[in-house]
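A.B. asks: Residue-level listing of the chains:
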Amino acid sequence: MANPDPNIPISQVEYKKVTEDLYKQNLELARLYKEVANLIKQRESLVHLVTHKIKGAFTRSKYIFAGILDGTFGEVLPEIKRRALQGLESDDAGIKTVDLVLNAANLASGKVKYEMKTLDFKDLVLKTLAEKRSVAETKGLVVETSVKDEIYNISGDVFWLKEAINNLIENSIRYTKTGKIAVSLDKKNDKVLLSIKDTGMGISEEDKKNLFTEGGRGKDSVKINVDSTGYGLYSVKMIVEAHGGHVSAESEGPDKGSTFFIELPAEKF
Amino acid sequence: MNLSALDNNMFSQMSLRIIKEQELVIGPMAWDEARKVPGMQVVNSQSGEVSLRNGDPKVVIDGLVAQYERLFGRASHEVCREAVRDLIAQMPAEEVPASLK
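Residue numbers (our numbering), protein chains in the order written: chain V, 1 to 269; chain Z, 1 to 101.
Note that these hints are calculated values from the structure, not bench results. Do not rely on the hints blindly, as some may be mistaken.
[Unchecked claim] In silico DSS-like pairs for lysine-lysine, Cα to Cα no more than 25 Å straight-line:
{"id": "1", "chain 1": "V", "residue 1": "24", "chain 2": "Z", "residue 2": "36"}
{"id": "2", "chain 1": "V", "residue 1": "17", "chain 2": "Z", "residue 2": "20"}
{"id": "3", "chain 1": "Z", "residue 1": "58", "chain 2": "V", "residue 2": "17"}
{"id": "4", "chain 1": "Z", "residue 1": "20", "chain 2": "V", "residue 2": "41"}
{"id": "5", "chain 1": "V", "residue 1": "96", "chain 2": "V", "residue 2": "132"}
Quick caveat, the model's predicted, so the values are computed rather than measured.
Using the sequences and the accompanying hints, generate a full structural model.
C.D. replies: So this is what it looks like as structure tokens:
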């Protein structure tokens with residue numbers, strides 16, 4: 001039993017016993033750590049195997065549908081062409097989903113190597129928005145932009161930052177039935193601030209807790225987006241944090257719209 | 001006794017396995033304790049490099065195992081044995097340090 005009086009030194013026998021007991025506890029922790037590390041490794045390898053196999057299957061059937069559409073297999077009835085187009089679109093959506101999961105796995109395991117260089121974040125945001133504008137407008141949504149007159153140079157990887165911005169803009173469009181998407185850029189205290197505000201389905205308090213976690217899709221998100229994986233915002237968080245930034249979201253609740261923010265360190269002149 | 005390059009490499013590998021396994025349990029202290037063992041030279045703990053100096057390498061390994069056991073008891077002895085189990089399986093019995101038999 002441990003000596004209750006801290007002023008009286010413990011005996012050598014007691015000291016040895018305490019040290020040995022601590023060793024045994026550490027040993028158990030080390031064993032658990034190894035087990036967890038092995039499980040993570042196994043899961044990573046399974047994710048890669050499954051996603052590559054599924055992507056391969058989608059790619060093969062995409063090739064067949066594309067062949068039907070471009071006449072490789074001869075003349076076909078318009079109805080078959082229409083079905084082939086649906087199949088092609090479905091395959092594209094499937095490949096996109098698989099890529100999202102694969103990217104998240106690579107980002108989480110540190111396999112992604114960022115190519116950091118000076119870039120104009122404003123340019124990147126506006127270009128990404130321009131690519132998505134027609135999708136929003138076809139849906140009847142108004143797209144607004146507000147950019148304060150500043151220099152928005154940051155150090156970052158164009159590919160991955162575009163993925164992050166794209167993800168937030170696509171989400172806003174997807175989860176907004178009517179109203180508008182407002183994208184704004186500002187600069188404060190050496191930080192570049194991007195906000196994407198929508199009048200969409202909003203976020204419940206319960207969903208806010210899991211928003212940026214792995215597989216943390218919203219409770220009702222699947223009702224609107226059947227392909228929701230819960231890996232999109234998780235990837236956004238990993239990308240933004242790898243750039244020394246911060247991502248967050250605000251919403252007054254369900255059906256009250258949401259605002260997503262990306263904050264990144266501005267490059268100093 | 002002078003160690004042949006082959007022996008030195010094999011026993012260095014064994015001691016490295018033991019130290020690294022102990023490091024998982026007790027952290028950097030594993031390297032501090034290894035430094036106290038006569039005949040054992042820690043060249044670089046960051047890159048994991050050790051060298052056995054002149055002397056019987058089996059005795060050096062026994063010293064290493066005893067160093068951990070003196071402080072942490074039987075459980076640490078088992079950790080040493082487990083760390084080199086596969087290496088020992090390939091060695092002739094007379095080459096295996098007594099503490100790991």
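A.B. asks: Each hint should be assessed against the structure and marked as holding or not.
C.D. replies: Now the hints, each set against the structure:
1. V:24 <-> Z:36: Status holds; Cα separation ~22 Å.
2. V:17 <-> Z:20: holds, 24 Å
3. Z:58 <-> V:17: Cα-Cα ~29 Å, so violated.
4. Z:20 <-> V:41: Status holds; Cα separation ~20 Å.
5. V:96 <-> V:132: Judged against 25 Å, a Cα distance of about 16 Å means the pair holds.
Hint violations for this structure: number 3 only, all remaining hints satisfied.
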